[in-house]
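**Student:** Sequence:
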Amino acid sequence: MSAMQDLRRDSVIEQKAAPEAPKQEQTNKRIIACSVDPTSAGYVINWILANFVRADQDQIVLMHVRPFDMPVAPYVDTTGYITEMQEDRDESHRFLKACATQFWHNGIDCKAVSMMGDPKEELMRKVKDIKADVLIMGARGLGAFKRAFLGSVSDHCVHHAPCAVVIVKHPDTPKSPKSKK
0 MSAMQDLRRD SVIEQKAAPE APKQEQTNKR IIACSVDPTS AGYVINWILA NFVRADQDQI
60 VLMHVRPFDM PVAPYVDTTG YITEMQEDRD ESHRFLKACA TQFWHNGIDC KAVSMMGDPK
120 EELMRKVKDI KADVLIMGAR GLGAFKRAFL GSVSDHCVHH APCAVVIVKH PDTPKSPKSK
180 K
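Numbering-wise, numbering that gives the first Met the number 0 puts 45 at position 46 of the sequence shown, and it's gapless, one number per residue.
These aren't lab readings, by the way, just hints derived from the structure by calculation.
Glycine included, each C-beta is placed from N, C-alpha and C at the ideal position.
Where hints are given, some of them may not hold.
As the list claims (entries may be wrong) - Straight-line alpha carbon distances no greater than 25 Å define the calculated SDA-like cross-link-like pairs of lysine to any residue that follow:
#, residue 1, residue 2
1, Lys-96, Ile-129
2, Lys-28, Thr-38
3, Lys-130, Ile-81
4, Lys-130, Ala-160
5, Lys-130, Gly-79
6, Lys-96, Met-115
7, Lys-130, Leu-48
8, Lys-168, Met-84
9, Lys-119, Pro-170
10, Lys-125, His-92
11, Lys-28, Asp-87
12, Lys-119, Asp-89
13, Lys-119, Asp-55
14, Lys-125, His-158
15, Lys-125, Ala-163
To be verified - Label-pair restraints from in silico Cβ distances:
#, residue 1, residue 2, range
16, Arg-53, Gln-85, 19 to 25 Å
17, Ile-81, Tyr-42, 32 to 38 Å
18, Thr-172, Val-11, 31 to 37 Å
19, Glu-120, His-92, 17 to 23 Å
20, Thr-82, Asn-105, 33 to 39 Å
21, Asp-89, Asp-117, 30 to 36 Å
22, Asp-117, Asn-50, 28 to 34 Å
23, Gln-85, Asn-50, 33 to 39 Å
24, Phe-67, Ala-97, 18 to 24 Å
25, Gln-56, Ala-97, 36 to 42 Å
26, Ala-54, Gly-79, 43 to 49 Å
27, Gly-106, His-159, 29 to 35 Å
Please take these sequences and the hints and turn them into a complete structure.
**Tutor:** Below you can see the structure in the form of structure tokens.
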């Protein structure tokens, strides 16, 4: 198998079911897709555990997307690039295992999937593939100006996801002032 074939688009890292969950009940579980990255994983997972997930009724599908930027020069030696991609993949797998462990320790079914490509496209593709009931993700906190030029993955997901989308704000995000009448 070549190195490029091993860097397939989706990698299922690991899947563990809660030990007490009977097999026949798992087909009726609510599928919660959760997009995580190193900057948002902590507060998003804490929010899900505290406010959303029900251990006996839900399955979490953690998703992490690695960007895919191929060198554009025609005669570039890609050996170093492939090595870097493998290192990125391995780091993504370690990151997802660490995130999934928090759910497993709480007796919650969890599957972790590492993907490569444009986050907007890959998240929408995977949400449709797994038939998610809800997508939960963090917000980077871009202002309106930056969001207009850089684009926002969460904004794209809100407008294009086939399911409900929950955006979890960072706990340090200032709350908007209440309007006075």
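**Student:** Now tell me, hint by hint, if it's right for this structure.
**Tutor:** To see whether the hints hold, each was checked on the structure:
no.	hint	in the structure
1	Lys-96 with Ile-129	19 Å, holds
2	Lys-28 with Thr-38	28 Å, violated
3	Lys-130 with Ile-81	32 Å, violated
4	Lys-130 with Ala-160	11 Å, holds
5	Lys-130 with Gly-79	37 Å, violated
6	Lys-96 with Met-115	17 Å, holds
7	Lys-130 with Leu-48	21 Å, holds
8	Lys-168 with Met-84	30 Å, violated
9	Lys-119 with Pro-170	24 Å, holds
10	Lys-125 with His-92	17 Å, holds
11	Lys-28 with Asp-87	32 Å, violated
12	Lys-119 with Asp-89	22 Å, holds
13	Lys-119 with Asp-55	30 Å, violated
14	Lys-125 with His-158	16 Å, holds
15	Lys-125 with Ala-163	14 Å, holds
16	Arg-53 with Gln-85: 19 to 25 Å	37 Å, violated
17	Ile-81 with Tyr-42: 32 to 38 Å	34 Å, holds
18	Thr-172 with Val-11: 31 to 37 Å	33 Å, holds
19	Glu-120 with His-92: 17 to 23 Å	21 Å, holds
20	Thr-82 with Asn-105: 33 to 39 Å	36 Å, holds
21	Asp-89 with Asp-117: 30 to 36 Å	21 Å, violated
22	Asp-117 with Asn-50: 28 to 34 Å	29 Å, holds
23	Gln-85 with Asn-50: 33 to 39 Å	37 Å, holds
24	Phe-67 with Ala-97: 18 to 24 Å	23 Å, holds
25	Gln-56 with Ala-97: 36 to 42 Å	25 Å, violated
26	Ala-54 with Gly-79: 43 to 49 Å	44 Å, holds
27	Gly-106 with His-159: 29 to 35 Å	33 Å, holds
Violation of the numbered hints given earlier is confined to hints 2, 3, 5, 8, 11, 13, 16, 21, 25; the remaining hints are satisfied by the structure.
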